[in-house]
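S.K.: Add chain B to chain A, keeping to what the hints say.
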Amino acid sequence: MTRSDVTRDEIVEMLDRAAREHLLNLEEFTRQGRNNLLVDPELRDLWLIWGDVLNEAPASTPA
Amino acid sequence: MPPGFEEQAERFARELDDLIAGCLASPPEFNVVSLRAADARIGPGQLTTDGTHGFPLVDLPRANDVDGASLLLKVEFRVVLDQEQLHLTVVTSAFGLWVRSDASGKPRPVFRIEYERDARGKAAAHVHFHAESADMAWVYGSAGQPLPTMKEIHFPVGGKRFQPTIEDVLLSLAREKL
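As they're listed, the protein sequences go chains A and B.
Per our numbering: the first sequence = residues 1 to 63.
Per our numbering: the second sequence = residues 64 to 241.
Derived from the structure by calculation, the hints contain no laboratory data.
Be careful, since some hints might not be right.
[Claimed, not checked] Across the chosen pairs, the derived CB separations fall in these ranges: (1) R17(A) x D198(B): 35 to 45 Å; (2) E56(A) x F192(B): 30 to 40 Å; (3) E56(A) x V202(B): 36 to 46 Å; (4) P219(B) x T7(A): 18 to 28 Å; (5) R8(A) x V202(B): 37 to 47 Å; (6) R34(A) x A126(B): 43 to 53 Å; (7) L26(A) x A126(B): 35 to 45 Å; (8) D231(B) x N25(A): 19 to 29 Å.
[What the hints assert, rightly or not] Reference listing, derived: stretches of chain B covered by chain A, where coverage requires no fewer than 3 residues with Cβ under 8 Å from a Cβ of chain A: (9) 88 to 94; (10) 133 to 147; (11) 176 to 188.
Beta carbons are placed, not taken as given, at the ideal position from N, Cα and C, and that holds for glycine.
With the rest of the complex left out, here is chain A (with noise of 0.2 Å):
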C-alpha cells in the first residue's frame, strides 16, 4: 500500500486530456457526466472516479 497526494489542477488536466480524445470538451463531458450521457466506459469510469472535481470551484477562485 501506497499513499500520494494529487492536486485538483492534475485531475483536471487528465479529465480534459481524456475528453479531448474521445472528441469532448470538458464542458461536454461534464455536461454528458452530469446528465448521466457518457456512453464511452474509459470517459464513464473516469467520471464516475473523478467526475466531483469538476463540481467544485478551484482553490484559487473566491466564494
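M.R.: Frame of chain A, contents of chain B only:
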C-alpha cells in the same frame, strides 16, 4: 472512537492488497490518492495523470497468454467519511472485466459494475454489459421503445448495502474457469 480517515483508507487499501495478492502471482499494490481532506481514491498501481487516465488496469495472467495479459481487471474506489464523520464509506466504485485481444490493441470492456451511492433514476449498483442482444432488441421494440445499446442499460444488482464486491467479481471469474 474509530481511527481517522487516513488510517481507515490505508487499512482498506491493505485489505485490497491482501485480496489481490491471494489471487495473483504478481499483484499490484493499491494506492491511496488524496485530493482533499477526508476524500480519497483507491486503486491499483500508481495513478498517472500524464499520458494515461486514472489507475491502471490489473493484469489477470492466463496460462495461454502469448504477449501480455489478455484479461484485465478494473477496480477503483472513491471513499469519504460517513455522515457521522466516523467510518469510511464508498461514494463510488468501478469494477469491470476488460479484454485486450492483441498486445498492441486498446483494452475493451466486457462488463462493468458501477456503484454510485447517491444515484438517482437508477439502482445504486448496476452492471453494464458490453454486448448486444437480439432478444433485448425485441423487448424494447415490442414495447414501442427506442433500443438502447446494452451498455447503456443499468442492470440493477443491489442497493447501497448489497452492492457486488470485488471478491464477487474475482470469484465469478474463478467459477467460470476464465
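S.K.: Run the structure past the numbered hints and jot down the numbers of the failing ones, going up.
M.R.: 4, 8
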